[in-house]
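**Q** Letter by letter, the chains look like this.
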Amino acid sequence: MHVSMKWLKELVDVDLTVEELVDRLDMTGTAVESVRAVGEGLDGVVVGSVLTKEPHPDADKLSYCSVDVGGDEPLRIVCGATNFEAGDCVPVACVGATLPGDFTIKKTKLRGLVSEGMMCSSPELGLGGDASGLLVLPPDAPVGMAFAEYLGQADTVVELEVTPNRPDCLSMVGVAREVAAITGKHATAPVSVPEESGVPVHDAVSVEIADPDLCSRYTARLIRGVSIGPSPEWLAERVTAAGARPVNNIVDITNLVMFELGQPLHAFDAATLALRDGKAAVTVRRAGAGERLTTLDGQERVLDPNMLVIADDSGAIALAGVMGGENTEVSDTTVDILLESACFEPTSTSLTSRSLGLISEASTRFERGVDAEGCVRAADRAAALMAEVAGGTIAPGVVDVYPVPAIPGVLEMRIDRMNAVLGTGIPAGEAAGILTALGLGVEPVGEGLLRVSVPTFRPDLEREIDLIEEVVRVWGMERVPVTLPGGRGRVGRLTSRQRWMRRIDGAMRAAGLNETMTYSFVDPGDHERIRMPLGEGETLVELVNPMSEEQAVMRISLLPGLLRSVSYNQRRGVPDVHLYEIGSVFSTSEGRKLPREHTAVGGVMAGMWSRPGWTGDDHPLDFFDGKGVIEALVDELSPRHFQVRPADLPWLQPGRSAEVLLEGKVAGWLGEVHPSVADAFEAEAPIVAFELDAGVLIATARPVRTYTEVPRYPAVTLDVALLVDEKVSAERVEHAMRKAGGPLLDSVRLFDVYRGKGVAEGRKSLAWALSYRAPDRTLSDDEVRPVHEKLLRKVCGAVGAELRS
Amino acid sequence: MSIITELESLRDSALERISQAADLAALDAVRVDVLGKKGSLTGVLRGLGALSAEERPAVGKVSNQVRAALERALEARKALLAEAALSARVAADAVDVTLPGRKRLPGRAHLINQITAEVVDIFTGLGYAIAEGPEAELDYYNFTALNHPPTHPARSATDTFYVRDLSEGGASGPITDVLLRTHTSPVQVRVLEQQKPPVYVLAPGRVYRRDIADPSHLPQFHQIEGLVVDEGITFGDLKGTLDYVCKELFGKDRKTRFRPHFFPFTEPSAEVDVSCGICAGSGCRFCKYTGWQEILGCGMVDPNVFGYVDIDPEVYTGFAFGMGVERIAALRYDIPDLRMLVEGDMRFLRQF
Ligand SMILES: [Zn+2]
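These protein sequence lines are chains A and Z, in that order.
Start counting at 1 in the first sequence, then tack on 141, and there's your number in the working numbering.
Start counting at 1 in the second sequence, then tack on 43, and there's your number in the working numbering.
What the hints contain is simulated information worked out from the structure, not anything from laboratory work.
Because the structure is a prediction, the values reported are computed rather than measured.
Cβ atoms here follow ideal geometry from the backbone N, Cα and C, with glycine treated the same way.
Each hint should be verified, as a subset may be incorrect.
[What the hints assert, rightly or not] Covered by chain A, according to a simulated footprint, are these stretches of chain Z (three or more residues, beta-carbon under 8 Å):
#1 279-291
#2 296-306
#3 387-395
Looking at chain A on its own, in the form it has when it is part of the complex (with noise of 0.2 Å):
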């Protein structure tokens, strides 16, 4: 909303600055989006008059004109706009102006032609409004004369956000009335009475309401013998600092009480409506399926049951709240004018204006509620200026058809629960006073009980706590003292599945991955790329309008994501890449309305942990530093029982692929990326990933673990070195020494995996380090000897190993 203070400060004593009233507009529920002098900038803008167009030869679109600014010389000017015709005044932007946003005006060729300014539209020029034209100024515009001049500058208009709830202020009254209780001063409205003349309206015109669930009330009026003509300054300049462009002395009009009252207006060209038994018939009525009308815009629109139109014998001529139609609008021959001010319904006329792409001043009023009660006051008002501007005069009368009166709420309001509720200690008389400023009607009954009538242009206003909300807003949300709840029963915590999620949180970094966060949702062809399958059944979780194909579904896997943050990096000179991240997949299946969601823990790791330091010890990243990563959260987690095992996954490279169990449930995978799916990202080979399930992660870990005996006597170790098939895994040497170990056997380490001179092909050395411990005594090498040598025994026959001598 559009406030010009010229005119707010005719409707209400304000006497604070612009700046104290943006201040106090602020605090109290108005936010003011931008404050703008009007002219400002606007230097080496002038009126000019554009005295040729011609198609400019090289170029469809764009049109060659001269126009005269008031210089000795017509200025050469080409033009994309559509909208105007020689003859018309338009703004124009001399070489050297500078528009709002720093955009200077210099002589430029265009497609080969010299251009020497610029004509504007109203958005150029800061004023809002229509940018899809030119601002065509009314004929009688003074050429020359510096725009600024023109607008008659000196005013100052404040652009309000109106929330949803205030209809009301999508009015300068209600913006008035708003502001005189906000400030502590009185708001006047203006009120015209028409003088009528000549045949009565009901003679004339007949309204019929055939869907009154849509149109609770359609009041119309007629006004004969109009000048179609521009408006006058003063009103054209006011429609211009409201946001719209000028028309003519009607539509302006119209507009003018729109803006003024909050009452959208539509005028027809009476002639152009079909008589019935002598009068022009207007039904309001849901459009037929597939019923047609060609809006004002040219356009012609496809209709449906679900859209309300206006219309006459011959069919439908408006969209109802929405636009006019083309066969009924006001043209320079229009002598005799149908008023329409009506109440349509705000659902209807908003699925209506979005289904059809059409958003209008008027539309927006429609969809968040107009006042019935407003509608004859909004005509009269009309009616009464198109008689002074343009010459009419006015049948006597309103036709006024209002099957569903708005009435009047009234509501109690408890200052006990008002005080409970704000945790003040506000006196009734206090809240009265606000309460009636805002144009309430307040009645005590009884001790700390108001009785409220709420008018009709507040239909925000439906309970009591919209009658706090009025008085804390207005009295002062900066006065309520602060405290803090001090409610019983109350304890703070995390969940034990959000104190697991720390802990896994925690583990990943003390590994040495930094978190990270990608896009929830991907490119379809992600899951190809990773050649990742869905489990039995499920597909992909789709969106009906995603922002872009390459973000059409939701992630079944970290790893299309943490891919790309890898090549990210590679490509950016940063070839050491520890990421993890923790989110959330998706999938979801035939019969589902929600989706299946996992929290999943994943992880990348390319190039080295750090570049090689003069301390030489660093090597390239592989898979087992990836199960570093894994075994140092298995270590935090504690699960009873975790097994890394050899798995063919389509997205890992053969051989160094591997699935992560736990307590022997699949709790995720392990590997190198494939070379060619790290490929298809763009991404350079090696690169290790993991991605493990948190549900699984934390059902398997243990919050408490079990003590164990700390050793109090030595251990004997021995050294050995085995010589095994390369099939054999150490796993599998490693489980077979311990089965074979006996009690004495305490832990088993390996220390060395060696291939090549004194090792037969296809075989390897394993080397380990075995320590046999008693709980109760030092063992000698005499006692452990035959152990140990039993325990290779049967390690060999197990595994076909043999002693490395």
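Once you've looked at the hints, dock chain Z with the ligand against the given chain A.
**A** The following block gives chain Z with the ligand in isolation, referenced to the frame of chain A:
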């Protein structure tokens, strides 16, 4: 030369050699030469047997004295040399302490989660439990039960991501029953469905809106929702809570202000500004010359919301608030482009 003179001269020369011994090896050589099995003193003593009984005690005494003196000297010299050897070894071990250490630095938490954890800790301290909800959510929880009318603009397909509904009879149009939650507020409803007052919860999480990613917008971001429902909760409690939290988050010297606003699910509602940290309230480009930075939205729980979850608004009142974590991050660190938060650039992530 008498044997005593011989002993004394042997002593003197040995003492001389001891004092000259440059290291422990040389010293040990002296010891072996003099006191060893074939040593010179040992040799002299071996000759004692040839002495007369009268001479023997005197010579024996002197020889014992010589042996003792030599052993003392050896010990002393040994200690001296050992200390010198240690000093030398230590000196040789000196390092350039300015060389970098051997380290594997722990990773860093993402900025957004650091802030979230900080807020969570503040509120658990205030007695709040932490709640969570799904990111793919039902329209009912995201809008309807939060008192959004059917035509509320946020419900449009231009503002909200809708998810294909695969249930039987699920809507097939552009607007379905399932969406990516646009705020963390649906958790309010889910909590109130499951828990009767008193309720003190905080719900952090990821939310989605159809904004094109640019320096100040992301189609996914994070919010922290707070909800309190109890007997006797007032607007003053809401003010006090948020004032406390803002001071904890931004500094004790920061002020808050509450501007009345409109949200469908709270009433009265307010937007909360915190005094600008750059200019301390005098106005600068970061606060658009207002001295204030908008930080969150809040209000008293609307009785209609209580209606959806069957709580008597005459008995219980409550407040709710929601803050944008990215917004806090941007204010705190003056981050020029929010997209950096989702790029995973190691050089960015390691900074926080
Ligand atoms: Zn500032």
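**Q** All the hints need checking, so say for each whether the structure fits it.
**A** Hint-by-hint comparison with the structure:
no. : hint    : verdict
1   : 279-291 : holds (count 7)
2   : 296-306 : holds (count 6)
3   : 387-395 : holds (count 6)
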